[in-house]
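There are 4 protein chains.
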Amino acid sequence: MLNIKLNIKLNDPAAAAIVVGKNGTPEKPEGVPIFAWKGESVEEYWEYTAKALDFGDGKGPNCIVDDGGDATLLIHQGYLFEEKEIAPDPSKGKNREEKAIFTVLLEIYEKDPKYWHKIVDEVYGCSEETTTGVHRLEQMEKKKTLLFPAIDVNNSVTKSKFDNTYGCRHSLPDGIMRATDVMIGGKTVVIAGYGDVGKGCAEAMRGQGARVVVTEIDPICALQAAMDGFEVRKMNSLVKTADIFVTCTGCKKVVTIDHMRQMKDGAIVGNIGHFDHEIDMDGLYQDPDVVRENIKPQYDRFVFKDGHGVHVLAEGRLLNLGCATGHPSFVMSFSFSNQVLAQLMLVEQKGKLEKKVYNLPKHLDEKVARLHLGHLGIELEALTEEQSKYLEIPIEGPFKSENYRY
Amino acid sequence: MLNIKLNIKLNDPAAAAIVVGKNGTPEKPEGVPIFAWKGESVEEYWEYTAKALDFGDGKGPNCIVDDGGDATLLIHQGYLFEEKEIAPDPSKGKNREEKAIFTVLLEIYEKDPKYWHKIVDEVYGCSEETTTGVHRLEQMEKKKTLLFPAIDVNNSVTKSKFDNTYGCRHSLPDGIMRATDVMIGGKTVVIAGYGDVGKGCAEAMRGQGARVVVTEIDPICALQAAMDGFEVRKMNSLVKTADIFVTCTGCKKVVTIDHMRQMKDGAIVGNIGHFDHEIDMDGLYQDPDVVRENIKPQYDRFVFKDGHGVHVLAEGRLLNLGCATGHPSFVMSFSFSNQVLAQLMLVEQKGKLEKKVYNLPKHLDEKVARLHLGHLGIELEALTEEQSKYLEIPIEGPFKSENYRY
Amino acid sequence: MLNIKLNIKLNDPAAAAIVVGKNGTPEKPEGVPIFAWKGESVEEYWEYTAKALDFGDGKGPNCIVDDGGDATLLIHQGYLFEEKEIAPDPSKGKNREEKAIFTVLLEIYEKDPKYWHKIVDEVYGCSEETTTGVHRLEQMEKKKTLLFPAIDVNNSVTKSKFDNTYGCRHSLPDGIMRATDVMIGGKTVVIAGYGDVGKGCAEAMRGQGARVVVTEIDPICALQAAMDGFEVRKMNSLVKTADIFVTCTGCKKVVTIDHMRQMKDGAIVGNIGHFDHEIDMDGLYQDPDVVRENIKPQYDRFVFKDGHGVHVLAEGRLLNLGCATGHPSFVMSFSFSNQVLAQLMLVEQKGKLEKKVYNLPKHLDEKVARLHLGHLGIELEALTEEQSKYLEIPIEGPFKSENYRY
Amino acid sequence: MLNIKLNIKLNDPAAAAIVVGKNGTPEKPEGVPIFAWKGESVEEYWEYTAKALDFGDGKGPNCIVDDGGDATLLIHQGYLFEEKEIAPDPSKGKNREEKAIFTVLLEIYEKDPKYWHKIVDEVYGCSEETTTGVHRLEQMEKKKTLLFPAIDVNNSVTKSKFDNTYGCRHSLPDGIMRATDVMIGGKTVVIAGYGDVGKGCAEAMRGQGARVVVTEIDPICALQAAMDGFEVRKMNSLVKTADIFVTCTGCKKVVTIDHMRQMKDGAIVGNIGHFDHEIDMDGLYQDPDVVRENIKPQYDRFVFKDGHGVHVLAEGRLLNLGCATGHPSFVMSFSFSNQVLAQLMLVEQKGKLEKKVYNLPKHLDEKVARLHLGHLGIELEALTEEQSKYLEIPIEGPFKSENYRY
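Residue numbers (my numbering), protein chains in the order written: chain A, 7 to 412; chain B, 7 to 412; chain C, 7 to 412; chain D, 7 to 412.
Hints should not be assumed to be uniformly reliable.
Pairs count within a copy or across copies, as identical chains cannot be separated in the list.
Calculated cross-link-like contacts (lysine-lysine; reagent style DSS-like; alpha-carbon spacing at most 25 Å) [to be verified]: (1) K368 to K148; (2) K57 to K406; (3) K259 to K406; (4) K395 to K259; (5) K270 to K149; (6) K406 to K362; (7) K120 to K362; (8) K124 to K65; (9) K150 to K356; (10) K240 to K270; (11) K149 to K98; (12) K240 to K406; (13) K44 to K302; (14) K240 to K373; (15) K100 to K65; (16) K368 to K240; (17) K57 to K28; (18) K406 to K368; (19) K149 to K406; (20) K100 to K395; (21) K28 to K302; (22) K358 to K44; (23) K90 to K361.
In short, the hints are calculated from the structure, not lab data.
Please work from the sequences and hints to get the whole structure.
In structure tokens:
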């Protein structure tokens, strides 16, 4: 049996529905316990994470579905203290977050200094879907501190290309429209970064009749943008004339305060890339000559001394989450299906996997795709025996080599 | 001096801002009086319309900006009763609306049985921007009952092509996304009608990665759709497999209850055409076997006996108004600019126009366009003298013949 | 019975096939006589035109299918000399063409000074498909010199929008590719003029991954280009950086020699608009410092003193005709169907039409469309009785008002 | 010094120009020797390949630029016979081609039974750009028979995505238009296979206003097609209604004779994938009931018993090569730049590489891109020091991980 607990950030009504379950009542829930509430503090967050991993009687999960890698992190840190036989010291935490982690771990350590060892013994492995989470796992693999097998579902085609490209193609115009009610057609839109996210964003803006100009640092992606019919310029060449700026780089200070200083009055600036420092929000907040006027929730006008203002979406955080409702469920279903198949693989391969980071095998990536064909009314052709032999590809796949780029 | 009053349906905060004006206060407004409130009854609507036309001392407007033709209608009906010297009889109204009109007119008639004659004496003319309003004006022109010159701004290119095509290209995905949060990409979307509205809708859906199929009754528009790369089928061929249905026909019962009976569970049905009978809402409401479940405001699930449900946007009314915020201000600015230029023309040509329906002259249509070039950073080329002579077209335009289709 | 003769410019093999006909032989042709050969002189052209109008025994055609208006012109000029009882004097012709016309007419006049009167007596009317031809007809109508009814098929939607827009969308890339073998993707292409032709051209270039920039003199068309996502600039802002220049204006000197002087080495310049003076070819030919190098038939490099060269397609004539094979037959079928329906109308309405220029009625325009639906597999929806009544539109059409723009 | 010889298939005028060189004459060439002529036999082909590898005095090339792997094959086979000290026996060749190879090798073996050993001693390595050639190299690497390092430039992004996707986007419509003059707009086009080639083809057909339907065996690519707005069906569901069929699969019998038997009269069938068996040409040739009618070079009509005919492009070979002029030079420049950089790497890394198949390093792939930016007027943004540190990516690149998919 697989035990399931969730440590997720949800709107409270959604969370409530999950807890109660289909036939349960608030008094007698028959759903899945949830350890989170909207608006919780950092300290609460880590306390709840520990609780979600506590299945009672010193038991924990055997399989971990991680999104960001925090559950995995907590286990590894707890295990390390036990290994060194040192009680965690919250005062030594480098920042508020680390202090919170140490506090939680200290409490556990004082009760049972071998608690995490017992948990780890039972873990088959984890699967992880974010770039950041996978990066941490790879670092641990390198340092040989990884305690159980891990599956990287972030690298699946049905994750990276679907979530990033098709998800943002939907949620970028959604976010801009809900926040600003400004016509996109006819406007000049700068898409900073022509990776998976940028490609989806550029397509969406063109689909609304905008003129799209791309900025890039990578000459290959820059050429792709040009071959797709987009002008490719430096940000400095664009700041004075463009109407809407969208960052999708994963980098920082892509739109600086100096850029914004030169923009047209009413220019719209938003981020759909990664963290909230693609736009230099700190620069805006700290400049005493810049006045912030809130237009409505998640939509602010920052007015410069000369009177012109730029309109920033979602305080520089992900505009599709802040100003709309994020990606549609259909595209999230791809990511979650990857997680489910990864989890099944952990169970099936129990004991056979090393303490390494694995990619989800291509046939499972293809299976995720296969599971979604019906919803879109897709008819799939099948190889004949003759064709299969000719191509040296099995009829049921996988159909492409590992380094195929799609 | 032009006297200005507004009889418009606005969100109340917007209305309040207009009334108060830039330097005024609620106590001492310096803005424009408004005679309307959100949620008013039909009776109030006509009462306020009459008030908006009453400038005091038996005076009324000299120029009328109409949107739907109701102000013009009220004046003409009032004038007719006076002409016949018959007091309006509310009990003879054919429906609630006509009863309301007669009630308002009776009250005025009893006070001053030549009230509307005096008003009409001062009117230079009206301008009208809706198909319905223009239709009424043309009927009156035919019957020679039109009391003053009228300008049809609905037929301007910068109205019909901009409002309809570009406006809906923006507000269709906006409405669907806000209401449903459903992914449009990969879905099969039926666009019923490939007129100006349908063209914008089809482009928007394709721009989101949907597969678009068009239905048409007009063979020319059907061919245009095919030549633009869209499949063109009958509705009956599509009802079982498509995911989203959008009506843009101006016709009635384009999506019937029988169609909806055959649709997939979860099919989305919305109207962005004209009135709320493009989708057979009455059929849904009246069928005792169909159960309505409200998902959220402006978004309902109608469940059929076999358990499948269709999701209807905005109760079959215009989904961009019901589920989003209508067209963006930029595209409305074209329509309103047409109105303003028509009004100036009424003043300039005072006394020279007949009691007819005029199109806005092409040079004014072009002027509306010209006024919006700067906002989009457009550089316009100018004819040289030599070119102007060669083409027999004045350097400043107009550039096209009256029947040019753009 | 309708007598048919052709006065057309055809490749000789095609002409031969028409003359011989399906069951004939060169010795015993059973096809249609042709009065033209490829490469004929201006003098021969007019001689043959007269012959094509001569059915023997003083008889001529009853219905004229004209493309450019030359048959109609010859009849009208001949008629005028007879009316004035003056023999045409070739030496008074203003140019080579007029001298040729007068020569032909003189020969006829000397044989029979009432020849054209007899011809005109039998003519039901003509139909004309070019802008130039229609312009001439309208001038004659104005001056009341038009001798028979004329139908303008140039103004049909299925002519103007199909031939111009969809035809050029096909034949522009066809011409560029065949002539130059240059990659269009990634290039900056200037489309001069965003009328029906320019719209098709811009779409085709974007469809090949080019970045399209538009030039316009008409603010409405300029805005349409911007709302379709294209940058709109003056030619002067573009000459130094763009790769390909395509004129589609109907105007002259749209690309001047000064423009070409500033272009990049290898810039491609072509015309798909109207006559061969949209590009200033005379300027190129007459400048002693410009050296012409023929690359291959219909493709020349003009080298300027500084060593840079521009590559001109088809000597500035229509590049789709010069460098490819013109429009595909499917789109020409629309134009020719309009001609056929116009001819049938002339016969059916014989005696009922005035000496005026008529548009082809909308129901015939729609019929042309209807005849082409099957070829593209289009299913057309039909109005129900209820819908027909509601819209006040007959079930069989016509479906739109005369000024509808499509 | 690098010795250069070419063994290439070229149009003879192009070959002549290369041989003569810039300042040479046919009598005193100063160009590069060429060992090939258009229309040579298989026997001549291998004889010339051997000659191209013979630099005189028992010397051969130090670096090999291969396209298909034949030069590399000849060297390896010759070496193997010498190693086994067995004279090649042409009569033992399995087919005409192998017999030709053995004949060439025998002649050399008889002159010098250590000829290829001396050649191999001097070879730094080879670079190879085709899928087939790379496949062979990988087989040799596996069996440890590879005699020198090899660089796979087929896997570069700037090769695989540019040549395949953008090249075919250009040359598919080029081939169809030149061969058929048929209008693509409004037609239903089946694109069999949505890999790199299929993606470019689908975009090109849509860009011409066609309705594109995709067939796929790979569920991931099938979903990509759907998310890009294309219908995805089985070939059997399409054969009766589609107008144009294009194979881009790399597989065989994708369009079978049974498919063609069911097609509409005039259906167009072409291949832009790999070899000439994607369309079952053998089936057509061998069926006694199918009559072949040549329309023009590289364009045939195959008529079935019931009278309907299908129009096959380029006898089922690559239609862009057969019916047009292949890819434009700009896109080929990417492939050739990869070859050049690979060759420079072979020289620079001389002695340091193992007898393995290497990918071209990502920084060289990016360099190929960088070299082409100027031609398209692309401005590239550069990372700041701060950004470089944050991303842990060097300012000069490479910018992406090895498994990034672009």
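(message) For each hint given before, does the structure comply? Return the numbers of the non-compliant ones in rising order.
(response) When the structure is compared with the hints, numbers 2, 5, 15, 22 turn out to be violated.
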